[in-house]
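Going line by line, the protein sequences match chains A and B. Quick note: the first sequence uses my numbering, first residue 1, plus one each step. Quick note: the second sequence uses my numbering, first residue 1, plus one each step.
Keep in mind that the hints were calculated from the coordinates and are not lab data. Backbone N, C-alpha and C define an ideal beta-carbon position, used for all residues, glycine too. Some hints could be false.
No more than 25 Å apart at the CA atoms, straight line, and that leaves these computed lysine to any residue pairs for SDA-like [to be verified]: (1) Lys239/B x Phe256/B; (2) Lys154/A x Lys185/B; (3) Lys264/A x Pro195/A; (4) Lys91/A x Lys185/B; (5) Lys80/A x Asp95/A; (6) Lys94/B x Gln121/B; (7) Lys94/A x Pro274/B; (8) Lys94/A x Glu240/B; (9) Lys51/B x Pro274/B; (10) Lys239/B x Thr238/A; (11) Lys264/A x Leu41/A; (12) Lys266/A x Lys82/A; (13) Lys264/A x Pro232/A; (14) Lys293/B x Thr187/A; (15) Lys41/B x Leu20/B; (16) Lys240/A x Gly116/B; (17) Lys82/A x Lys94/B; (18) Lys239/B x Pro232/A; (19) Lys94/A x Ser230/B; (20) Lys91/A x Glu244/B; (21) Lys236/A x His234/B; (22) Lys51/B x Phe3/B; (23) Lys245/A x Glu255/A; (24) Lys269/A x Asp89/A; (25) Lys257/B x Asp89/A; (26) Lys94/B x Gln123/B.
Stretch by stretch, here's where chain A covers chain B in the computed footprint (C-beta under 8 Å, at least three residues) [unchecked claim]: (27) 56 to 63; (28) 149 to 155.
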Amino acid sequence: MSWFKRSAEGITTTTEEKLEVPDGIWWKCPSCKKTIPTIDLQENSYVCTSCEYHARVNSVEYFGIIYDEGRAELLFENLKPKDFLEFTDLKPYKDRIKETLSKSNVSEALTVGYGTVNGHGLVTACMNFNFIGGSMGSIVGEKISRAIDVCLQKKAPLLIISKSGGARMMESAFSLMQMAKTSAKLTVLAEAQLPYFSLLTDPTTGGVTASYAMLGDINMAEPGALIGFAGPRVIKETIKKDLPKGFQRSEFLLEHGFLDFIVKRKELKQRLSDLIQLFENK
Amino acid sequence: MTFLDFEKPIEELYEQLNKLKKIGENGKVDIQSTIIEMESKIEQTKQAIYKNLNSWQRVQLSRHPERPYTLYYLNHICSRFIELHGDRNVADDKAMVGGIGEIDGQTIMFIGQQKGENTKQRQYRNFGMANPEGYRKALRLMKIAERFNIPVVALIDTPGAFPGLEAEERGQGEAIARNLFEMSKLRVPVVCVIIGEGASGGALGIGIGDRILMMENTWYSVISPESCSSILWHSWDHKETAAEQLKLTADHMYQFKLVDGVLPEPLGGAHHDPERMAQTLKDTISNTIRELKLIPVNDLIRDRIQKFCQMGFFDE
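Just chain A, with the same shape it has in the complex:
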C-alpha cells in the first residue's frame, strides 16, 4: 500500500504530441544567460539586448549590417577546398569538408563581398567561424589575394573581418604559407595607397593574428573579443599561472597599443563610412 495516492491524472501527452517551440525563436545569450527573442537579436545587429554581448555571426550577417540595403556582390564563390595532402586524423579531411559544407550556409572559412557603404565602394573579406573554426587554409589566402586585386581594380579600400582559431592544420605547411601569402599581397595594396581596415572579432587567434589581422592601417575590434597569438590554454600551461581577468580581450589590446579603437557592431557601418571618406578626401 502506498502512502500517497495520485488524485489527478499526471501528464499523459506523448513526446510526439508535445507542442515544440520552433527552432530559432528564442536565443540564449552565452554571456548573461538571458533568453531573448531571436528577432530582437537580429534587429539589434546580433548584439544581446540585455548585456551587449556580440554574438558570433558570419559573413552573411556582417554584409547585411555594413552594406547599403544589406546587399553585397559575392566574389570567388567558385573556389572549392581540396584535400591535396590526403590528410587523415580521426577522420579524413575530405569528409570534414563535406560534412561542414552540408551543415553550413557558406562555401569556405572566408567570403569576399563587394558593395557600397553609404555610397562608397568597399571590398570586404569576412571570415566564417562556423566553417572548420574559421581556420585559414589555401582558399582563405587565395580569396584575400584576389580581394586585393579587386581593390586595385576598383580603387576601393579593403576591410578584412577576422574570426578564426588560426591556421588549418589539415593543410599543414600550405596553411602556414597563407600567412606569408596574405602579408606579401598586402604590401601591394599599401604600395597602391589604398587603405586596409582590419576588424578583429571574437575570436581571432594564431596565424590569423600573426598575419593580416594585425596589419591593418587601422586595427579595430568588437568589444570583448578574444584576440591573441597563443591561445589562453597554451599560455596557462606554459607559465603555470592563472591569467589575469580580461587578458587577451579587445580592451586589453587597446590598452597595450595594438588597436586603434573598439567599435560596437551597431556603430560599425557609420565608422567604416567615416573612415572611407576621411581616407578618400586627402
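Since chain A is already given, all that's left is putting chain B on it; use the hints.
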C-alpha cells in the same frame, strides 16, 4: 655522442667495437681483421638506418642535442662576425641572435633563433623561442641591411614563438605579422635556411625571402607533431602519425614547391660532421647571394611576392 632510439643498433655495434679495441690493446691476440669487419658492419648499419628515415625520425634528428645551432655556423662560416643586440625598445632577446658578418668578401646581415647547448644555456636562450622583441630586433637589423644594401640571411631553428603572458602583452602576433609584411618588400636579397626546427609562425617570422632552403634532416610545418596530435587526436600518443600526415620533411616541402632547395647533411645528421655541414652552408649562401645580386631589386621583390602568392591548393 647521444644516440636516439632508432640509432640503438649503431650504438650497440660501437660498444662492441670499443670492447674489441680494448682486447686488442691488452691481449696478444691479433683482432685487426675483426675490427675492420666490425667497422664495415657499422657503416652498413648506418647506411641502412639513415637512408630510410621516416618523418618522425627526421624530427628527432632536427632536435638532436648535439646538432649545431645558429651561432656555431656564424662563427664557422664568417671570416668576420660582430653580434648585434637589442630591439631598441624593450630588451635583447637571447632566443633571437643577429649580427653583421662576412663570407667570401661579401658583407651579410645575419639573423636567426638560437638554442642552448646545455641546461643552463637552454634556459638562457628560452629554448629558441623568441619573444616579440626578438622579431623586432631581427627587423631592426634587416632595416639596417636594407639601408646599406647588404643581403640578409636568416637561419631558422625554433620550436615556436614563445607563448607567454608578456609576449602577448607586447604583441607577439603583431611582431610576426610586421616581419612578414616588411620582409616581403625588403629591397635586398633575402635567403632563409631552416637548420633545425621550423615550427609555425615562430619560424615564418624570419622566413620570407627570395630563396627558402632546408637542411636535409629538418622540418617545417604549421604545428609541431606533438601539438597536432594533442589537438586533432586528443592525445599526445600520435606524434609519429601526425608527423607523417603533416608531410613536414625537407623532401616533401621541396616536392610541394614550398621551399627552393634542400642542403644535404652528413650521414646521420649535421652533428656527425658539423664542419662539413658548415662548409655546405657557407658555399650555398655564397652562391645563392651571388646569383640573387644579379637580379634588379624591383624584379626580386615582384618575384618574391609572386612566389608566395602561388602557394595553396584548391579547385576552381
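Outcome of the hint check:
| no. | hint | verdict |
| --- | --- | --- |
| 1 | Lys239/B x Phe256/B | holds, 22 Å |
| 2 | Lys154/A x Lys185/B | holds, 23 Å |
| 3 | Lys264/A x Pro195/A | holds, 21 Å |
| 4 | Lys91/A x Lys185/B | violated, 40 Å |
| 5 | Lys80/A x Asp95/A | holds, 14 Å |
| 6 | Lys94/B x Gln121/B | holds, 10 Å |
| 7 | Lys94/A x Pro274/B | violated, 43 Å |
| 8 | Lys94/A x Glu240/B | holds, 21 Å |
| 9 | Lys51/B x Pro274/B | holds, 19 Å |
| 10 | Lys239/B x Thr238/A | holds, 20 Å |
| 11 | Lys264/A x Leu41/A | holds, 14 Å |
| 12 | Lys266/A x Lys82/A | violated, 37 Å |
| 13 | Lys264/A x Pro232/A | holds, 24 Å |
| 14 | Lys293/B x Thr187/A | holds, 22 Å |
| 15 | Lys41/B x Leu20/B | holds, 14 Å |
| 16 | Lys240/A x Gly116/B | holds, 22 Å |
| 17 | Lys82/A x Lys94/B | violated, 41 Å |
| 18 | Lys239/B x Pro232/A | holds, 23 Å |
| 19 | Lys94/A x Ser230/B | holds, 21 Å |
| 20 | Lys91/A x Glu244/B | holds, 15 Å |
| 21 | Lys236/A x His234/B | holds, 18 Å |
| 22 | Lys51/B x Phe3/B | holds, 17 Å |
| 23 | Lys245/A x Glu255/A | holds, 14 Å |
| 24 | Lys269/A x Asp89/A | violated, 41 Å |
| 25 | Lys257/B x Asp89/A | holds, 24 Å |
| 26 | Lys94/B x Gln123/B | holds, 10 Å |
| 27 | 56 to 63 | violated (count 0) |
| 28 | 149 to 155 | violated (count 0) |
When each numbered hint is compared with the structure, violations occur for hints 4, 7, 12, 17, 24, 27 and 28.
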